[in-house]
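Enquirer: Residues per chain, in single letters:
There are 4 protein chains.
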Amino acid sequence: MEKIIGLIDAPFTPMKANGDVNLEPVPAYAAMLAKNGLKGVFINGSSGEGYMLTTEERIQLAEKWVESVPEGFKVIVHVGSCCLRESAKLAAHAKEIGAWGIGAMAPPFPKIGRVEELVKYCETIAAAAPDLPFYFYHIPAFNGCFLPMLDFLKAVDGRIPNFAGIKYTFESLYEYNQCRLYKNGKFDMLHGQDETYLPSLAQGGAQGGICGTTNYNGRVQVAIGEAWAAGDLARARELQDYSQEVINVICHYRGNIVGGKRIMKLIGLDLGPNRVPWRNMTDEEEKAMKAELEAIDFFNRCNIL
Amino acid sequence: MEKIIGLIDAPFTPMKANGDVNLEPVPAYAAMLAKNGLKGVFINGSSGEGYMLTTEERIQLAEKWVESVPEGFKVIVHVGSCCLRESAKLAAHAKEIGAWGIGAMAPPFPKIGRVEELVKYCETIAAAAPDLPFYFYHIPAFNGCFLPMLDFLKAVDGRIPNFAGIKYTFESLYEYNQCRLYKNGKFDMLHGQDETYLPSLAQGGAQGGICGTTNYNGRVQVAIGEAWAAGDLARARELQDYSQEVINVICHYRGNIVGGKRIMKLIGLDLGPNRVPWRNMTDEEEKAMKAELEAIDFFNRCNIL
Amino acid sequence: MEKIIGLIDAPFTPMKANGDVNLEPVPAYAAMLAKNGLKGVFINGSSGEGYMLTTEERIQLAEKWVESVPEGFKVIVHVGSCCLRESAKLAAHAKEIGAWGIGAMAPPFPKIGRVEELVKYCETIAAAAPDLPFYFYHIPAFNGCFLPMLDFLKAVDGRIPNFAGIKYTFESLYEYNQCRLYKNGKFDMLHGQDETYLPSLAQGGAQGGICGTTNYNGRVQVAIGEAWAAGDLARARELQDYSQEVINVICHYRGNIVGGKRIMKLIGLDLGPNRVPWRNMTDEEEKAMKAELEAIDFFNRCNIL
Amino acid sequence: MEKIIGLIDAPFTPMKANGDVNLEPVPAYAAMLAKNGLKGVFINGSSGEGYMLTTEERIQLAEKWVESVPEGFKVIVHVGSCCLRESAKLAAHAKEIGAWGIGAMAPPFPKIGRVEELVKYCETIAAAAPDLPFYFYHIPAFNGCFLPMLDFLKAVDGRIPNFAGIKYTFESLYEYNQCRLYKNGKFDMLHGQDETYLPSLAQGGAQGGICGTTNYNGRVQVAIGEAWAAGDLARARELQDYSQEVINVICHYRGNIVGGKRIMKLIGLDLGPNRVPWRNMTDEEEKAMKAELEAIDFFNRCNIL
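Chains as they are written, first to last, in my numbering: chain A, 1 to 305; chain B, 306 to 610; chain C, 611 to 915; chain D, 916 to 1220.
Calculated directly from the structure, the hints in this document are not laboratory data.
Quantities reported herein were computed from a predicted structural model and do not represent experimental measurements.
Each residue gets a CB set at the ideal place from its N, CA and C atoms; glycine is no exception.
Some hints here could point you the wrong way.
To be verified - Estimated spans, in silico, between C-beta atoms of each pair:
(1) 453(B) to 284(A): 41 to 51 Å
(2) 845(C) to 284(A): 52 to 62 Å
(3) 279(A) to 1028(D): 21 to 31 Å
(4) 24(A) to 916(D): 56 to 66 Å
(5) 251(A) to 490(B): 38 to 48 Å
This is chain A alone, in the form it adopts within the complex (with noise of 0.2 Å):
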């Protein structure tokens, strides 16, 4: 199964003052990531706010990035929901639209508390979209799923044709390494935590990514794997730095999903409001926000549009 080379932004959904998505910023949004470096989108996903939106809205994002991208621009459609119907439904869709591939969390009700249970909630949502590859986006903080990812992909082997790897958003880079041992890397291990994306490089060699915070740094980001690429580890070193500066920043102001999607608006491209139960920036907050973002130069370095 081929492997994704290079990095994949997750990106915010864009959402219209009154909390309507709004899907004109879609085209340019897309342009921009492409333009800044980006590989492709998962779309749907926690920074897209996906569990807040309704399969209707799913299903119109998905149609609308299908149709937005530049050629060769990969599109993952996040199609996890505590409800396996719409998830199939969603992972049905995306194959009809011509999606490049899926991927779902693990539901974070009911808490899975077994391999097994996420295997079949897996095989199932796999099932529905048998011929796009499906990644399962790991990420225990937000749904208390804390399985050994080792076990989880021995049980999938064999059992999900469509099986294509993980989306690995936790800290452990002795787990991350151990899976990408796996079978001589059988599966396609993405990172999944842009902080450390230097270190996973160190250990692991050539491989891809999912990020958040490309939205807005995916220059930097990006030349963090570059400048590996090539050898430069001073710079590798200098970018990764700068990139930790950054998330320093949006942990002040309540993680990417807020505070990143804010600085869209500071970059030029206003995505508008989160919807409930996060809580919205305020004005106040913006200001202070840009103020710590200028402090460190990011204007000059951020996306450029």
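Model the placement of chains B, C and D on the given structure of chain A, informed by the hints.
Expert: Same frame as chain A, now just chains B, C and D:
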């Protein structure tokens, strides 16, 4: 606002062998519950696998239950979901079809970390059906929302006009009592753990509850309240101890949602399988559970069709 | 084995301003507790900052308490520690000086993850004082030992001859009752959460308890049991509600160990500061706490010297 | 302040079959560690079952290690305990006998919840040996102290004069790097997870570490750093992957404290059993572990006596 007196049942969602929702058993189910002393139902909640149903299925179930219940038998519709637009739609629909009330648990994703987020979440839903009483369903073990409920009551008081109270499914009888005492009992604190109904009565006086095991053990559970009201402590204790014995059994079979639903088949009202990712009981497990139930003379004490 | 009837107090450890242990107030402390209806003390436990004392200090305190108590007033010595050799030494010493019993909570390090580990731990300690009743002190919030207590009872039964029972400081009245019912009450299940004494009585009949707030609020706590025994439910409820009001106050001041110890000063028995890493109350905090206590008429209901 | 270069070993505590501390093997142990490339020892810590030792045993071990090590080989004494008076005594003793430094993890009881509490705890210990460098040992999985380490560094800076740095045994290489960058590397950030040494080197430049598996796998672990320093990434990766393979094995046998200690016997330096509540390995388990280690050719790569 009217307070609930007596016990409300949280029904399972009947399903066909293929996993489709099965509306057909609902009238018989409703009649059975009324016959065994229950005062209403809280549908599409955790026992009802509400999060695993599509919005359309939840709508159909709500309609069927409202049509099927006897005069004066309350239908409260759980309308919580991760997507507030779906929840608001379900709330408005509940009002439209003449449901008695609505309720919602905290969303499992994103995990609610602040009282203000929870208030906003509940406010948005409650506002979609402003004439119906709204109950918050507190079950932190399922969604990680371990916020202090007294602070929550203070925050909703005066802000959500149709806020009725809390279905309290948590172990702290201290917090439960503090909530009950708030403004001399301003809010309706519905007890939500069948295994500790008697201790709760001792502390709190007459009150209602919402129960999961009353689907099959309602006669016993109702009788606890009656014995207590009649001043017969010895009998109340015997009944509560028995209620715990039944709960001991379902704890061996993945709890009420899985084990309890299968008991329905054993008492003559087959409600079909659970949805993935719940692991359905095997036939061997069913047989073993039946033997455990026989050993405590369950089939002579359980609900009568 | 004898079962404890009535309430045992968990005393604070008196300290001098410089943090040294202060044995001098112990006789007056013991007399005060007896005068206010307590039946014994459980010393060097969590309220007594036992883990923050040297082994030598724990020995001196045990000796002083045994010397100081009136006839028939029980002294149970908490001997738990991370180092079993220290614990065994303390247990043997307790026997030697004529203490009534011993107890131990699970060690906080290493965190106990299996029933077998906990049994072995308790067995080793209990064997060092085979003639004294041994109580396991279950307080998982303090040490992370969330093991099922019924399984634990089954495992110690027949293996630890002097195992007397459990001081149960956890919220599950369901598990508490199941333990109480084990072999028709074979083991002594001491209630350990002052805020839910009444609900526990309703469920379980006559019983003992070990209490932290009885240091200053013992008259009220003892009266709950008396009112219940006399069949005066209304009064029992009023008293339990009042007990909760006092607990509400100490919750504002870092709980019983910090806030409660400072109350002792306010009622006339200054026991000095807490040890690091506990944060001692400031004078401003003391003043604010005093005002809160006055507002609930505490100083007319509290213990009398 | 001097920064540690190279790897410090965290030794096990040798015990006799009856569980008594056994000082006899210490000189051979120290010589073996030096011979295999280690630069010092961090004694009486988690690998050394420090919390399960009496104060007197800890004192004897410290004396024996200081006497036994070769010239220039550092002895850092872990002096942490729940009782600060014991810790201060151990710190003063470490100074007195000529240890190189001291360290302490957060106490597991009471659980530290605030930076100020942790600072006060460390300050009290560090002040008892003001001429020795003090290291905080951050291992939150063992004591529940999940505080942000950058905030902690800011709080100790200027307040604890002999604060040297942190032994960082946690998964977040993001936080680790942020601490490392604080004031251009003011504090010594010792890496503390053997399985991710290479990724950490990639991110952070030359540095030291404190290791648990170097007791038996020190040659490999030391060689990772050498390969990296020599610019041989392929070899560094091969070695780190191998290090993880060894760790995979010990994870099957209750981790380093239990499984790792038993490996010492297999390489010819029997250090005896673990203390309760650790569950010692059975002979069958030892045999199975040996087979697993042979399968990865461990006995040709492990430490040499």
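Enquirer: 56 to 66 Å was suggested as the range; check whether the CB atoms of residue 24(A) and residue 916(D) agree with it.
Expert: The hint (56 to 66 Å, Cβ to Cβ) holds, given that residue 24(A) and residue 916(D) are roughly 58 Å apart.
Enquirer: Could you see if the CB distance from residue 251(A) to residue 490(B) stays within 38 to 48 Å?
Expert: Given about 43 Å between the Cβ atoms, the range holds.
Enquirer: Looking only at beta-carbon atoms, does the pair residue 279(A), residue 1028(D) fall within the given range of 21 to 31 Å?
Expert: 24 Å, holds
Enquirer: Hint says 52 to 62 Å; check whether the CB-CB distance for residue 845(C) and residue 284(A) agrees.
Expert: 53 Å, holds
Enquirer: Take the C-beta atom of residue 453(B) and the C-beta atom of residue 284(A), compute their distance, and say whether it sits inside 41 to 51 Å.
Expert: Once the Cβ atoms are compared, 27 Å apart, the range 41 to 51 Å for residue 284(A) and residue 453(B) is violated.
When held up to the earlier numbered hints, the structure conflicts with hint 1 and nothing else.
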